[in-house]
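So the protein sequences, as listed, match chains F and Z.
The first sequence runs 1 to 215 under full-length UniProt numbering.
The second sequence runs 1 to 215 under full-length UniProt numbering.
All copies of an identical chain are treated as equivalent in the list; a pair is satisfied when it fits inside any one copy or across any two copies.
Straight-line Cα separation of at most 27 angstroms, BS3-like style, residue types lysine-lysine; simulated pairs:
hint, residue 1, residue 2
1, Lys-73, Lys-9
2, Lys-212, Lys-78
3, Lys-9, Lys-37
4, Lys-9, Lys-173
5, Lys-9, Lys-24
6, Lys-123, Lys-141
7, Lys-108, Lys-212
8, Lys-52, Lys-73
Honestly, the hints are just simulated from the structure, not real lab data.
What follows is the residue order along each chain.
Protein chains: 2
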Amino acid sequence: MKNIDSIPKATIERLPLYYRCLDKLLTFENIEVISSKELGGRLGIPSTQVRKDLSYYGEFGRRGVGYDVHDLKKSIGKILGVNKTWPAVLIGAGNLGRALVNYEGFEKMGLKITNVLDVDLDKIGNRIGPITVESMKDLDKVVEEGNINLGIITVPASAAQEVADKLVRAGIKAIWNFAPTRIVVPDEIVVRNEDLAVGIVSLIYHLSWQDKLDA
Amino acid sequence: MKNIDSIPKATIERLPLYYRCLDKLLTFENIEVISSKELGGRLGIPSTQVRKDLSYYGEFGRRGVGYDVHDLKKSIGKILGVNKTWPAVLIGAGNLGRALVNYEGFEKMGLKITNVLDVDLDKIGNRIGPITVESMKDLDKVVEEGNINLGIITVPASAAQEVADKLVRAGIKAIWNFAPTRIVVPDEIVVRNEDLAVGIVSLIYHLSWQDKLDA
Numbered sequence: 001m002k003n004i005d006s007i008p009k010a011t012i013e014r015l016p017l018y019y020r021c022l023d024k025l026l027t028f029e030n031i032e033v034i035s036s037k038e039l040g041g042r043l044g045i046p047s048t049q050v051r052k053d054l055s056y057y058g059e060f061g062r063r064g065v066g067y068d069v070h071d072l073k074k075s076i077g078k079i080l081g082v083n084k085t086w087p088a089v090l091i092g093a094g095n096l097g098r099a100l101v102n103y104e105g106f107e108k109m110g111l112k113i114t115n116v117l118d119v120d121l122d123k124i125g126n127r128i129g130p131i132t133v134e135s136m137k138d139l140d141k142v143v144e145e146g147n148i149n150l151g152i153i154t155v156p157a158s159a160a161q162e163v164a165d166k167l168v169r170a171g172i173k174a175i176w177n178f179a180p181t182r183i184v185v186p187d188e189i190v191v192r193n194e195d196l197a198v199g200i201v202s203l204i205y206h207l208s209w210q211d212k213l214d215a
Numbered sequence: 001m002k003n004i005d006s007i008p009k010a011t012i013e014r015l016p017l018y019y020r021c022l023d024k025l026l027t028f029e030n031i032e033v034i035s036s037k038e039l040g041g042r043l044g045i046p047s048t049q050v051r052k053d054l055s056y057y058g059e060f061g062r063r064g065v066g067y068d069v070h071d072l073k074k075s076i077g078k079i080l081g082v083n084k085t086w087p088a089v090l091i092g093a094g095n096l097g098r099a100l101v102n103y104e105g106f107e108k109m110g111l112k113i114t115n116v117l118d119v120d121l122d123k124i125g126n127r128i129g130p131i132t133v134e135s136m137k138d139l140d141k142v143v144e145e146g147n148i149n150l151g152i153i154t155v156p157a158s159a160a161q162e163v164a165d166k167l168v169r170a171g172i173k174a175i176w177n178f179a180p181t182r183i184v185v186p187d188e189i190v191v192r193n194e195d196l197a198v199g200i201v202s203l204i205y206h207l208s209w210q211d212k213l214d215a
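Next comes chain F alone, as it looks inside the complex (with noise of 0.2 angstroms):
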């Protein structure tokens, strides 16, 4: 396996595509076996930018059969890391915080809410599913009794960066921002600034055409 950091970033942001897509394959159309043609046809992703993707960490698949669906995936969700369980603190109990805390796709990924912090005393002591809504002034605790690694931000945009200095200060490594805004932090510290609004483009986009050919 080469080294991590000559392994370029849009490789990385495909593996999560390939993990999903071979979890589906197995999930719901029972298919155990794909070459790298269906696969990247699956994806719109050329078979060339597949296999060499997948070359980066290691040899899968035979010539002229293809790969192993169930094999891939587990080889993937290893590189990934979502093996394992991955504990995250979230901070904003507000709609977006709920609705993450309740998304029932995460724990495939690894990824487990195990706390929820507020500094709005009506929402500190309310539940959300399983989980109590905690004091913001507890975070230096929460994260190091709960060894967790991961910060998940679902604050207003205006308070996103106070937030996020205080996660990094409690010892957070990687942050996943949902604020509608830019945050700061030192170069070690991992950041995905995730924008809903990504998605609805290429629908949009799909509608323009229809609107432009039908006229």
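Take the given structure of chain F and dock chain Z to it, following the hints.
Chain Z only, in chain F's frame:
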């Protein structure tokens, strides 16, 4: 411009990434000219791919100079159709539905959730921001009167297919599905299945490797 059907799906999926990146360059960084290498570098996409993607839609930028960020954003916005406003009906007034209605980032992508429907009598009549939750029984009327082409599903997985069927019968042309299940629709309907879990995987990947390197 080439026939829309001949443009690779992966190219279409990258256009919103370019659009958002250009938007950020203007809004946060005051950058007015950018090369395909710099643009690609920010997104983990090779410069050759950036130029190829854009070439499907015409000629942009000047050799040796780069792209005018404002012009390119405007052009891509037009291609994507986000320069117009697209009304949408959202089905499912739970936490995720409420979060989406209140989400600040949709407007710049042209999405406007105009109606929220639910079957739950306890939710019908409640307000979410400026919207009053209506009964699912009013779907056909809402879609027709609002001239709505876009439906958003935020109901539990078990109810998603039934809702999708109703949206199709009501005349919806594109569906954004947040329920963690597959929905089956006629070929002419465009569906995007949103999986919120995808975003976490690149973070877990990094955490996982930090663990291995520290070990």
